[in-house]
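Protein chains in written order, with the working numbering: chain B, 1 to 357; chain X, 1 to 357; chain S, 1 to 357; chain H, 1 to 357.
Please note that a few of the clues may not be correct.
One copy or two, either will do: identical chains are not told apart, so a pair holds if it fits within one copy or between any two.
To be verified - In silico lysine to any residue, SDA-like type, Cα no more than 20 Å apart, as pairs: (1) Lys319 - Asp231; (2) Lys137 - His93; (3) Lys319 - Asp41; (4) Lys137 - Ala171; (5) Lys319 - Gly34; (6) Lys47 - Ala237; (7) Lys174 - Thr127.
Calculated from the structure, these hints are not laboratory results. These figures come from a predicted structure and were not determined experimentally.
Protein chains: 4
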Amino acid sequence: MTISTAPSQQFASDNLAGICPEALQSLLDANASGHQPAYGDDIWTQKSTDMLRELFQTDCDVYYVFNGTAANSLALASMCQSYHSVICSPVAHIETDECGGPEFFSNGSKLLVGESDSAAALLGKLTPDAVDDLVTKRHDIHYPKPKVVSLTQATELGTVYTVEEVRAIAAIAKRRHLKLHMDGARFANAVATLGVHPSEITWRAGVDVLCFGGTKNGLPVGEAVVFFDRDLSADFAWRVKQAGQLASKMRFISAPWVGMLEHNTWLRNARHANAMAQRLYQAIHGLPGVRVMHPPQANAVFAQLPAACIARLHATGWKFYEFIAGGGCRLMCAWDTQPETVDAFAADLAAASAQAA
Amino acid sequence: MTISTAPSQQFASDNLAGICPEALQSLLDANASGHQPAYGDDIWTQKSTDMLRELFQTDCDVYYVFNGTAANSLALASMCQSYHSVICSPVAHIETDECGGPEFFSNGSKLLVGESDSAAALLGKLTPDAVDDLVTKRHDIHYPKPKVVSLTQATELGTVYTVEEVRAIAAIAKRRHLKLHMDGARFANAVATLGVHPSEITWRAGVDVLCFGGTKNGLPVGEAVVFFDRDLSADFAWRVKQAGQLASKMRFISAPWVGMLEHNTWLRNARHANAMAQRLYQAIHGLPGVRVMHPPQANAVFAQLPAACIARLHATGWKFYEFIAGGGCRLMCAWDTQPETVDAFAADLAAASAQAA
Amino acid sequence: MTISTAPSQQFASDNLAGICPEALQSLLDANASGHQPAYGDDIWTQKSTDMLRELFQTDCDVYYVFNGTAANSLALASMCQSYHSVICSPVAHIETDECGGPEFFSNGSKLLVGESDSAAALLGKLTPDAVDDLVTKRHDIHYPKPKVVSLTQATELGTVYTVEEVRAIAAIAKRRHLKLHMDGARFANAVATLGVHPSEITWRAGVDVLCFGGTKNGLPVGEAVVFFDRDLSADFAWRVKQAGQLASKMRFISAPWVGMLEHNTWLRNARHANAMAQRLYQAIHGLPGVRVMHPPQANAVFAQLPAACIARLHATGWKFYEFIAGGGCRLMCAWDTQPETVDAFAADLAAASAQAA
Amino acid sequence: MTISTAPSQQFASDNLAGICPEALQSLLDANASGHQPAYGDDIWTQKSTDMLRELFQTDCDVYYVFNGTAANSLALASMCQSYHSVICSPVAHIETDECGGPEFFSNGSKLLVGESDSAAALLGKLTPDAVDDLVTKRHDIHYPKPKVVSLTQATELGTVYTVEEVRAIAAIAKRRHLKLHMDGARFANAVATLGVHPSEITWRAGVDVLCFGGTKNGLPVGEAVVFFDRDLSADFAWRVKQAGQLASKMRFISAPWVGMLEHNTWLRNARHANAMAQRLYQAIHGLPGVRVMHPPQANAVFAQLPAACIARLHATGWKFYEFIAGGGCRLMCAWDTQPETVDAFAADLAAASAQAA
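Generate the whole structure from the sequences, applying the supplied hints.
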C-alpha cells in the first residue's frame, strides 16, 4: 500500500507528524533483539527510566502509558478520590479535550475551573489567586474538596509558565494542601523556550507529578508519568494494569524514549518546532487584518485571521484549527515542520490578506 | 544501545516475541507518509478497517485500542451496566489476569465463574450448562443480573472451541438474553486450528463482539474490537476516547494491521506457532515423568514436569511459566519460534527427564 | 432525653422542619402492623406507588430512595453513560450541592452548565437557547456528548418554570435527542404555585423522569423517582440495590408517602409554605436597604440585606443562609412555618433596617 | 389505611420486624423538637455518637448511613482502591447479597473468596489460613492486591466468631498489611452470645472499621459506620455525601439510635432474639427428618427439613427462606419474635415431621 505525503496539513497539530528518526531507530533496535521480557521487565524500559531519572536529577518513579488522556487521568486519580476536585484553567486539555477522562478514571472527581485575571486568562494560564479563590470559596461537604492543581506546560495557548510562576502556584498549593500536577504534553517545548534545566520547572519548583509527553515530540505512541513525590505512586503499577495501560510488549513504548533522550533529541526537536513558530510569527504578525494573539512562547502561533483569508487558505489546501479559545486560529508547528512550508504558508496568507484588505 | 537476542525465553509467552516483518514494513510505510490526520481519520485506519470487514464478510464496526485488557473491558462495558454480571470460565483471562479491569471499566460489574463439567473444565472451556446454571440460579435484585457470556478463543489452556461449541453457548445466551463476547487474544490460532472461515466461529455462530488480538500474533501494540452487533457500538468512539484508548497517531496502531491482514500473514503466523506447539508436543509427550495435560489445539503445550526437570531447564536458561491452572507448565510458542529452538528444548527436557527417572 | 424546640432557625432551610402529622401517622400505622415483607413487597409501598400513578394519571414506574442526591444521581445515571453529559443551570443543586454525586453514580458524566440570558439567569432558569448552544457547540469525540437536560422545579432561586417554559425546553431536548430530567426537590411548591395538574408540568410537558421530593415537604426521609418513560427504568431496581438505596424496611419510607398523598396533604403543605414566603415578601420588600431579588414563586424569599441587618438578625438568633448565588440571603419557609414567626422576623428586620438606614 | 399484622412471616427475616418501642419513642421525641439543624449538626446525632464512643470505650469516628449495603461498601471503599481486593467468606453478604455494591462504590475492587477448611466453612467462617492462602498466592500486578479482610459478626449462617478467632485473623491481617472490616449487621446478636464487652471483639481484637447494624435490631432505617482507625475516615464525610448517604433530616436516623443505646435496649433486643432461636432449636432439633446444621449461636436456626414438611409449613402460612448455603432452611428470629409463635411453629413442624416420617 503506498500513500503520498500530506505537507499541507502541517499546521493542524503536532500529532499529525510521524516518528522522528532517532526514536524509530531505537524501536527497530528493540525489535531486532528477539524475545524480550514483557510488561516492562526489559532492558529498554530499564534504560529509558534510568535516563529520565538522570534527566531530572532525582530518583523519581516512572511509568509509561499509551497516551496523554491516560497519563493525566491516572496521575490525577492517584492524587484524589472521587469526592475531591482538581483545579485547572478553563482551556486545560483535561477540561476541554479528554471527554471526561479524569472524571472517569477517578470515578467522579470534579474539575474546578479557575478564573484568572484577564491578562493571565488570555495566555491560558492559571494564577495563584485563581487557585486560592477556589480553595477558600467553600469548605462544606456538599462540594468536592480541592486536592490537586493541574498546570499545562506549555499551555494550550502556546504560552509557557516561568519558573517563578510555577513556584508561586506551588506555594499556594502547598499552603492549601493541594498536590501539583503538570500536564506536559508539550513539556519539551517549554523547556526549550525557558532554557532551564528540566528539574527547575518540575520538582525543584514544587511539581509532584509530571505527565511528560512524547508523542507530539516525535514518538509513535506513549507518554511517561513521572512521580517526583514517590508516596503518590504507591501501587501505581496495579492502577496502570487495571486501567488497560500496561503494554505487554513494553519495549516498543520505551525504546523510542531511549532514542529521544539520547543526545538530547527531545530538546532539539522541541527547539526546532519552537523556531518554526517564531519564523511563522515573524512572517505574519504585521500582515493587514492578521492579529496575533500573543507572541509565541512554544510551538504554536494563535492568530485571528479575516474570514476570507481562512477560507482561501483552506481552499488552497492548508489545514489548521479555527475553534480555539478566544476565536483565534491555531497554527501548530511540529518537530518536522520545514522552513519552506512555513514560508509558503506565510506567502499564501500574505497574498490572501492583501486581497482581503 | 545494543542488546543481544534472548532465544532462551522463547516458551514463556507469545508476547515476548517482537514485530513480524510484514507488520513492521507497514509501520515504516505509514511513517514515510509525512503528516497524516490524527485519531483514526487516516487512510491506514480506513484500510485496515475495510480489510477486517472483508475478512469477516460483514459490515462490522471496528475500533482499535492499545491492549487486550482494554479491548475486553471496554467491550464488556458496552454490554453491561454496573449492576449486571459477566459469565466466564474460572481460567478466563478477564477473571485471572486483568487486575479487575472489567470491573473497573464497567464500574462494578461482577464476573461470575461458571462451573463446567470436569472434562470441559480441564480444557479451560465453559459449557452451555455451566452458563445456564448461573443464569437460572437467582433472579432477585440482590445479585448482579447476568448479561454477557465471555468465551476465550483459543482458551487460556491452549484449547479451541469448535464451531458447534460456540453455537451451543450462543443458543443458551440468546435464550437467556445474554450477549456473547469473545476474547480473541489468540483468535488467529483458533482459526488456524479449526480451518474454518473466521466468520464461522464469530457472528455466524452468534458472537456479538470479538476482541481480535494482534499483539501476540506479531504486532507491536494494539487490538481490534469488532462489533458484529452494531447496536452495541453506539457512541463507542466516545467510550474509547474517555478511557484513554484513542491513539492520536492512530496510523501506527492500524498500519501494522494492514501488514498483518495482507496476504494472510496473520493466519500464516498463527499456523506457524501452532505447528511449533505440535512439534514440541510430539517431541516430549512420551518422555518419562512428562504428563501432557491435553494435546495442543493452539500454540501452547501444557504439561506437568518433574520438579527436578523444571529446575534443570530453568538452570539451563529456558524460561516458561509454572503457575498455570491445574499445576502444569505452560510452553508457549510464538510466530517466530524456530524449530531448532523447539528441538533444543525437547532435547534438554529429554535429558533432564531421563536423569530424573 | 429532652430538648427544646428551636423556632429561630425557621428560615435556614425547609429540611430543618420535622415530620408532618399525616406522614407520621402513616409511619406509626405501618409500624403497628407487625411483620411485613421487606424490600418493597409490602402493602404500603404498593399503596403509595398506586397513589403516585393516580396522582400523575399515568402508568409510571416508581422507586423510593433515601435522599435527593441519590434520586437525582441514579435517575441521571439511568439516562447517560460515563462519556455523556448533562446540561443544567449554574445554580442547579446537582452542580453545586451534591458533592459530585451525579459524576460518581454515572462513573464520570460531566455536567455542562448552560449560559442563559441574564433575565433567566437571575431567576435560576435554563433557557432553550442555553441548551441548544451547548448541544451544537461541539460534536467531536473529545468532549462528552450531551444526553440529558436537567431542570429544577421549583428552582434553587425560588422561582418556577411555567408549563410553556418546560414544554419549550422539552421541545429542544426532543429535537436534540436529549432526555429530560426534573429535580423536584420542591416539586410540590411548584405545583402549588402554578395551580396546574402535576401531569401538566411533567410527562404532558415532555419530562421523562421526575425526582419527586418528599423530605422538604414533611417526610422524615425518602424521595420518589418517577419514570414516565418506562424504557429508562429497565433494571433500575438492580441499580437502586447496588447503589445502597434499597431500604430493607421499605414500609417506613413508603408509608409516610401514603400519609402525604392522602387528602392532598403534600399540596396543602406546599401551599402553606408558599403562602408564608408571600407573607414574608409583603412584609419586607419595601423596607429601606432591603432589595428582594424577585417576587417569590415558591417557598423562599431571596433578598439582599444590609450587612448590619444581617449581623443584627443573626445576633438575635435568626438563622438563614447568606451565600446564595447573586449575593442574596435565602429566607426559606417550610410546611410548619408559623405566621407569627414570619411576622416576628419581619419586625426584627424592619427595626434593624430602620436603624441601619 | 388499615392493615392486619402478619405474624406468620416471623421466621423469614429479622428485617421484617418493625421499630422497637424505645427507638420509636426517640424518633417521636426528635420530631417534637421543632426545627433542628440538618445534615447531622443536631443534638441527637451528637448524643448517639457520644453514646457509641462510650459504648466502645474509645474515641472512634462515627457516621450514619441508610443501610447495610451502603455501610459495608463505603467502609470498604475507604480502605481500598479500585485495583485492590477484599478477602471474605463465600457466604459473606457483601459477596452474595449486595448486588455488586462493594465493587460499585470502590469502582472495581474485587472480592476474593477464601476457602476455609470444611469445619469452618460449614459455620460460614473465614479462617486465618484461608486469608493467608489468598494473600500469598499471587503478588503480580495482573491480579488485584489484597488490602482488606472482611468478617461478618454474627455470620450469615448464624454463628459467631470468638474473641480468639477475631484476634487470630487480625494477626494475619496485620502481618500481611491488610485492614480488618467487620460487617456487623447482627453485631448485637454476637455480643449477646459471647457475653463480652463490645470493644473485646472489635478494636481490642484488631478490627479497624465496624459496620454496626441497627435495622435488624429494631431501628426503622440506618446503620452506623464506626472507624476505630481514624486515619481511615479522613474525608469520609465527603464520601458519604457524594454517595447519596447523607440524610438531611439526620435526627430521624440518629435519634432512634439514642433510644436503642439507652438502657442497653440494643443488647436486650439481641438477647431476646437469640433466646427465641435457642427455644426454637430445643423444640425442633430432635424431630424425625429434621437436621439442624449446627446449634444456633445467634438469632437463627439453620436446618434441613424434609421437602414435605417445607411444603406443609408454607401451606399453613409460615414463611422462611430455603435457599441458604448448604441446602438448609433459615429460621430467623427477631427482637419481637414471641415465644408463642416459636412454639406454634415447632408444633406445626412436629406434626408435619411425624406425618412425613
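The hints, checked one at a time:
1. Taking the closest pair of Cα atoms, Lys319 and Asp231 never come within 20 Å of each other, the shortest separation being 44 Å inside a single copy and 34 Å across copies.
2. Taking CA atoms no more than 20 Å apart as the test, Lys137 paired with His93 passes between copies only; the shortest distance there is 17 Å, against 24 Å inside one copy.
3. For the identical chains of this complex, Lys319 and Asp41 are inter-copy neighbours only, at 14 Å across copies versus 42 Å inside a copy, given an alpha-carbon limit of 20 Å.
4. Taking the closest pair of Cα atoms, Lys137 and Ala171 come within 20 Å of each other only inside a single copy of the chain (18 Å); across copies the shortest separation is 37 Å, beyond that limit.
5. In the homo-oligomer, the alpha carbons of Lys319 and Gly34 lie at most 20 Å apart only across protomers (14 Å), although the nearest pairing inside one protomer, at 41 Å, exceeds that limit.
6. For a Cα distance limit of 20 Å, the shortest separation of Lys47 from Ala237 inside one copy, 18 Å, qualifies, whereas the shortest one across copies, 35 Å, does not.
7. In this assembly of identical chains, the alpha carbons of Lys174 and Thr127 lie at most 20 Å apart only when taken from the same copy (14 Å versus 41 Å across copies).
In summary, the one numbered hint that this structure violates is 1.
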